[in-house]
Amino acid sequence: MITAIPGSHLVIVYLKNAYQNDPFRIALELFLVFFAIKYMLAKKYKPHDNTVKLTVKEVDDLIEEWQPETLVPTLNTLDKLNLDSTPVILGPQSAKTRVSGHAKPLLNLATTNYLNLAASEQICESAIKTLKEYGVGSCGPPGFYGTIDVHMDLEKDIAQFLGTEEAIIYAQGFSTISSVIPAFSKRGDLLVVDDGVSFAVQKGVQISRSNVRYFKHNNMDDLERVLRDVQADQDKNNKRLTRRFIVTEGLFANFGDIAPLKKLVELKKKYKYRLILDESHSIGVVGNNGRGLTDLFSVDATEVDMIVGSLANAFCASGGFCAASTEVVDHQRLSGSAYCFSASMPAMLAVSASEALKVIRQQPSILKELSERAQVFRQVLSHKSLESLIRVSDSDLQSPAPFFHIYPKNSFLRSRAFDHEIDIPRVDQERLLQDVVDECAVQGVLITRAKYVHDQEKSCPRPSIKLHVTIGLTKKENEKAAGVVKSAITKVFGKWRK
Amino acid sequence: MTSTLQVPTIEIQGANPRRDSPRTRPRTFSLSSLVGKTRRAYSVSSAYPPKIHPALALPVPKSSGDHSLSVRDHVFGDVWTDPRQSLCSPASNLTPAQRRNSVAAASRRYEDFEQKMEAAPLFVLVSTYLNYLVLILFGHLRDILGKVFKRKKYAHLRTNEGYAPLVSDFDSFYTRRMYLRIRDCWNRPITGVPTRKTMILERKTTDFNETFSLTGRKIEAINFASYNYLGFAQNTGPCADAVQDAVREYGISTANSRLEAGTSDLHVQLERKTAQFVGKEDAIIVSMGFATNSTTIPALVNKGCLIISDELNHSSIVFGARLSGASIRVFKHNNMVDLRELLREVISQGQPRTHRPWKKIMIIVEGLYSMEGSIVNLPELIRLKREFKFYLYIDEAHSIGALGENGGGVCDFYGISPKHVDLLMGTFTKSFGAAGGYIAGDKTVIDHLRVRNHAFCYAETMSIPITQQVLTSLSIIRGEEGTNDGRDRIQKLADNSRYFSAKLRALGFIVYGDEGSPVIPLLLFNPAKISAFSREALKRGIALCVVGYPATPIISSRARFCVSSSHTREDLDDALEKISEIGDILMLKFKETSS
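Quick mapping for you: the protein sequence lines, in order, are chains A and B. For the first sequence, UniProt numbering assigns the number 1 to the initial residue and increments by one for each residue that follows. For the second sequence, UniProt numbering assigns the number 1 to the initial residue and increments by one for each residue that follows.
Calculated directly from the structure, the hints in this document are not laboratory data. Glycine included, every Cβ here is placed at the ideal spot set by N, Cα and C. Some clues are possibly wrong.
As the list claims (entries may be wrong) - Not everything, but these chain A residues come out facing chain B in the computed CB check (under 7 Å):
#1 P68
#2 A110
#3 T112
#4 I148
#5 G173
#6 R243
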């Protein structure tokens, strides 16, 4: 029957010749065939499989027995404090805003409305004009007909403003950096990260699953030590070269201090790293033209490989961006998960951001005004009477940062500690600060504590009041507000635990 | 009686796939398990005949004030149905549509999908694989030659001046050699409102899709690409007016996070209203849909917990699950038999290595899968929940507003009380024509999320125009304005979806998706047809999404239609005619040829 297949005699002849007088070959091939069959029929190999074999009855019992924890634990005192102390703004957010529970408007030092763009008529009117043309939602991710011409305009505006080749916009500021980092840094790559970075950066680092080395906050010597370590390790083990990034923030959300960009760029070049700089808080407020750190230190924006920022803070719009070279931006259009898998920014918000950029470009003088306000405020808080009570960060009086943290001084806390206490519990410190916040509100000033998801922060920063200055308040109002904060601190701290 | 969970149970005799004899998961090598990998996507509609029976069409709306879930406890849980009861006497307070949906869910089988794949002729499958093979071989050939002869152009793939390549050679192969060829089918820029028609800005390329430039010409196309299910993408009408007033009064942004000082009274109002709409005690809102999942899941589960996730879940769920630090297991798409086996395994085995019991188990599923058009088998899932005590998290990104007679999502679709679901998540991007998302649940859970959700603590708030758009569209959907507008939109969407998918099937295309889904995927198979379909459609004035690997299994590239209530019957007929024409050119009418 086999011979019926045309050409089969050739095969038979070949086989007969091949196996002549070669028992070893026959044995070998039979063994191979046997092995192949055994392999195919074998159980799937699972490394570290420690499954316990159970009978159906046992499984049923185990399922019956299993009791899950409640979905969420009950709120602890700190959570309750945070929840109860959240102010509700009635009406528009502005420099003088109405807050639920207070009859009169409060002087607002609790928002990122630094340049008073929230109150800008010009921005609101262009947003409404956009509404009439584009509607509200974009109804799709950028890949699926969600790229609107105003997005492309905004991207161009940002790239031009910063002086990079291109820019890409994301729909939320917070999600931008945690999407940019994993788009480039994969398993096996190396991230060298400042240990004081904000939560969003921490999450980006975590999700990338790369190898991570931390250096001490803003400490360039420590950074160099880490870089040298890595280099030595690399040379010693002759490892394959992987992608390496230095990740840091421009103006640190958690500390209010500024990264020394010049030194960073120098180090990154020396050790051949790429630099990812999160400028979420510095963009639009730091530097003579508001272009952030590259502006402040007169570093060319192309020297930083990726500048990531938020359009929601100083610009008072919404969303985030990454400005970089064309290659870097293009890669994100397919690999930035928050870009690819989420609806694009509503047209109105893109236009608001574009308009905000325009305002800053047209009137760079408002930036100077802002830094004056900040300086005056710092001056007031550095008064002798407060010296033993609080520490202001960044402590530099000339710092261009428009916000800062006020921490109760360690020596003060120690002096008020009860006998049995080694450390004063976090919740007590927070309550002390909340009392200051409440006192200020009574006196007509709105401020806020810095709030964190404390159990998920890498190392949660100390309790603090986060104070934002704004040019929406006149010089006089600013001084008055500073006075209120100062007297509230003296009053509340003086009475505390007495 | 009141203490036991009550879920809708309508069962068809023998319809439940061998529940009492759990099959062991295939461990040994077999040809079918190999093939099974490529056939993972499935849907039920082929098993459940998509014929529209006049008696079963959507019911006539009741009074207009009757829309909201909160007003009427329309949940059918309070009447217990005997599982053995026949189809003829189901729970009394279910609407016919809800009853029908539950019945369809009960008769779902995983194996049905395989039958459907048979419908695609073998030569299509073979040619698809060949198609990829040729592409891969040719791509590698170009790479090899290019690296030798055009060293400069390939410099970015090599270690360069001490820097490792930003994108590695291997990772980017697919992008460079396949995606680039057909890149013009994505990221097409538009202008204006993405409503029933959309205005596409024409692009041209002179360097084989490396770069594009706008020609300045605009193409008007029927819009099957935007998720504008209820047609709220509008630049006029009550929503636009309300948004305009809100911007004039409130401005654009609240300039801080919700927890610090960015909470506006509008946000509070919207949270209350959302909770009422979905039928939960409380809700929070987040400014971005993606972030709603990615920042909430880590606040709910952590190390020692287990997330069981549908294999086709959205990337934001995967993102959030990874951040949470919990263990993750995956079950086959919408396959309740597989899920059941998995649950038995994980609960009895406990945590890997230590065998300690899990702290908690959370199952995350989507209401409506945006690439498959399949609707989660909620009745069966609730039944499993009662048996296995897990927590249930449903992502209603696509289903909220678009499914159910009141637009209440999958719970409404099946007539199941939202109280059986622990967390209902959804987005405002799609049906509401806005942006952002929400999570709804019990008051204690939501309060916990208020202090633990990352976005709530750190991210920007939902901006004023968006908040207002949702507020207004929500009250229209709930019929609070005293009009029937919302009800009409929901009805129109349901009609349009049924009509369009039934017609496509009748034309002979292979169409996925459950009955009633406004997402309608049409199977293309060959990668070359992805671009061909998209370009031909655009030529004829139809905007639609095409998707291929890695968003879908490698074999089942598809075109996706998102039907909207703003489409008129003429739009649909017009589009159908053109699609039929394209189907003839591209030989996509598989069913026709095989019969």
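* **Those earlier numbered hints the structure runs against, lowest number first** => none
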